[in-house]
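Trainee: The listed protein sequences correspond, in order, to chains W, P and H. Taking the numbering used here, the leading residue of the first sequence gets 1, the next gets one more, and so forth. Taking the numbering used here, the leading residue of the second sequence gets 1001, the next gets one more, and so forth. Taking the numbering used here, the leading residue of the third sequence gets 2001, the next gets one more, and so forth.
Calculated directly from the structure, the hints in this document are not laboratory data. All C-beta atoms in this analysis are idealised placements derived from N, C-alpha and C, irrespective of residue type, glycine included. Careful: at least some of the hints might be erroneous.
Below 20 Å or equal to it, Euclidean Cα-Cα: the simulated SDA-like pairs (lysine to any residue) are [unchecked claim]: (1) H:K2104 x H:D2077; (2) H:K2075 x P:G1011; (3) H:K2104 x W:L47.
Not close to chain H: a few residues of chain P, all C-beta gaps over 10 Å, as computed [what the hints assert, rightly or not]: (4) G1011; (5) L1050; (6) F1060; (7) G1073; (8) T1109; (9) D1137; (10) L1145; (11) G1149; (12) A1199; (13) A1204; (14) F1207; (15) L1226; (16) S1251; (17) F1267.
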Amino acid sequence: MSGAVTNRVLLAVALALAAVYLFPLYWMYVTSLKTQSSIFAVPPEFLPGAPQWDNYATIWEVANILRYIGNSLVIASGVTLITALVGSGCAYVLARYRNGWIDAALFAVLMLQVLPPSLMVTPIFVGFASVGLLEYPRFATILAFSAKTMPFFVILCRAAFMTVPRELEEAALVDGNSRIGAFFMIVLPLARNGLLISALLVFMNGFGEYVYSASIIADNRLQPASIGMTNFLQPNVVNWNAIMAFAATYVTPILAAFVLLQRQIVNGLTAGALK
Amino acid sequence: MTRILRSLRDGIGFDVLLVIIALSYLLVFAGLPLIYNVIISFQTVDVFSLGTLWHPNAGFDNYRAIFDDPLAGRVLWQTIVFTLGSVALQFTFGFALALFFHQNFTGATWIRGLFLAAWVMPGLVVGVLWNWLLSGDFGVINHLLESLGLIEDPVFWRSNVETSLYAVLIANIWYGTPFNMILLAVGLAAIPGDLYEAAELDGANAFQRFWTITLPMMRATIGAVLALGIIFTLQQFDLFAAITQGGPAGSSTVAQYWSWQLSFREFDFGRGAVISVLMIIVVLFVSLIYVRSTKAETQL
Amino acid sequence: MTYQIELDRVEKHYGRFHALKEISLAIPKGQFVALVGPSGCGKSTLLRSIAGLERITSGTLRIAGEPVDDLPPRKRDLAMVFQSYALYPHMSVRDNLTYALRLKGVSRAERARRAEEVAAVIGLETLLDRRPRELSGGQRQRVAMGRAIIRQPRAFLFDEPLSNLDAALRVRMRKEVRALHDRIGATSVYVTHDQIEAMTMADHVVVLQAGRIEQQGTPVALYDRPANRFVAGFIGSPAMNFIPGVIAGDGRAVRLALPGNPMLETTIAGTPGLQVEVGIRPEHMVLGSPDAPDALPLVVNAVETTGAASYLFTEGEPELIVTTEGTATIRAGDTIGVSVDPARVHLFEPETGASLRSASL
Ligand SMILES: Nc1ncnc2c1ncn2[C@@H]1O[C@H](COP(=O)(O)OP(=O)(O)O)[C@@H](O)[C@H]1O
Ligand SMILES: [Mg+2]
């Protein structure tokens, strides 16, 4: 078999695999555009008929999706802000030095990264209840979830900071910078891409957060889109077209960001995960 | 005072400050809850005593209640099945895909990247999506299985006690496979190509090359991927919430979901904390092994 | 006299590791000092301690008479050229050059003027708007130099600045760096592991080994009167030959542990019967007839030639190297006679490695 033929066969197989794998996403979009009767057609209709944009209007009006997504944005922004502000400096120091103290700190961070949120939320909720933080449920959620994203962010950013040669910072010190000056003028600009990707991943995480919100935020008006979806799911369990329209509206921005930044996201992730 | 300021500007104080800020945050919002968790597992915490820092002492009552609960054995077994099943199948599919995309063909990297689209989605959306895909009467999965002749009658994946755990398991395998694949792909890419060339010159066929070069060279990566797989699977919550909510009759409840249900559905935080404490010990133990082993590898 | 840089019994520990031991060094204004030694001996540590990038554990460090132990790098007013050049990749050549001036608050117009001026000195006028990654290795090296020059600092610190260049460029830059130093009347501390660089460039050479100063002095002094076996072996290329021997006769000759136990005259007085290590530089072994009365008879094992000089390697232990000019007609297996000027013979204490010359002087 010649090289070109092999190449084409492999490409065809790869595309077939990707198609099978991504079929659920396709099904989400197709369902979201179907009529109520055609979602229950037997056999299922694999190609959409006339697109029912009404489904999107429904979730806009009935399901309050705008409010939910607004809350998700608030939570994601708050989490990203706290995580990046508090975590970047720590990641920088952990990347700069190699000694017993640093190893211990790194170990602590790694250990905190693995704690399952659904297990941590019990003591956090009880603790927050006793100090009155539950009065500000979104803020409480942001505080709690930031502790979950921070270790992850620190590990990823550390990998980004490690790519900045130490000598550059030293040259800046000799040239007249203070530590803070060298950090902001030399190190940060050079690690910027890695930091932004890490922050984006944290933002996506915050945007899709569910456990903490579901446990802490009781007021419907403050809940994020993840809960909005489950709220919508229970009473409307036959409206799969509307539910899929909700899901599609919710994830399309994330998927778009992913498609645009695929390479950087994959690189950032793999750099942090195995080192 | 000026000394400290000077150290902050020009010396080690700058580094210490940066680390202390982050570690204090983690201490308050992760470290203290860890300890508080142990404390409340020995207390009676319900809607009435909630709101105070200290609750009535319960001794070992919560622990006894959990161990005596008829659900406990089932949950333990279901947790094991779910975790090992997820890890084994995510790994197998992930490794197969990684090996496939490791061959050089046009677009390999780009198509491989598409798989990660699933991985960046919120777990809850994935859960809702699979909820629909696996629905009994109108689910597209049942239709496909029927037209392939694999089943005769629709399977009520989510509402049948026999299959509900597998409904979540299937979704989780789909969700976790790409991450396994990408980590394994990185490991494969790190194997120097000339090793394969040397083996080929020595007369090894593709199968022998896989056993004598790929697998041994991938040992560290495989260990890391399996450990991370266990850790991430024990964190899985959203899929349960979106597909079965642990039911029916607890048939798809795993430990991390049970703990949450006890706390936030039955408002028995003491018992929720008991499971939380026990599971966190397991997770930390697995991570400890993982961190120790990766450290040993990097020091080689 | 106040020195531009002055170190007094400086010590540096990294945890339990003792990196610098009792370093005392005084550098007058305008001098070009080379720190030389094998890799890992502490050269960079010493230079970085001067720059303030490392804190010294004890001792004092003065710059222009002022103690600077507690001053951060930015207040020491020194410029440093790194081995990797450490050019800021996100800035143009112009911004790299003027970064320190910008931090000092020098006006934009003045910065532009000085950038042009320095660019002319280092020959980079046309490259001011490029990024470092668009430059060749040699050009980057020049930018690194320019970034140091523009500041008019109290001293220049160089950490192996030429070691990433190819051999020909390195030889050229050696002269250029030194010429630049003379032109701007700078004080320079130059770290290198290459003794030829140190010997050709410096006024004053400091030989370091395992964190300790083995010897310091002018290049010629180090070559002619090495204080110990380490310095003798380190300075000079090919390295000095060492032969075990015993002081014989009236104390003005050594009996060498070579086949036939030949005698060698020296100008150094010693106690007869004393075990010594005899050092002779390859270029001081003069070829003659094997039958001449004072000649050491040696059998050649291998011959290497560079065209300008040939190196004869002898048979047996220890292997000796003899340098002769031009292309040698001698082949492996030939027997040669070698004579040595008694004044060129070095004797070392076998245990401590100390030169016996200082004892007798
Ligand atoms: N930060 C450090 N921590 C511990 N040991 C160090 C550190 N920096 C350098 N050393 C050790 O100090 C010795 C001298 O290093 P260095 O000054 O870089 O040598 P060189 O003469 O090659 O420039 C080496 O053995 C090195 O391992
Ligand atoms: Mg060095």
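Trainee: Which of the listed hints are broken here?
Mentor: Failing hints, ascending: 3, 4.
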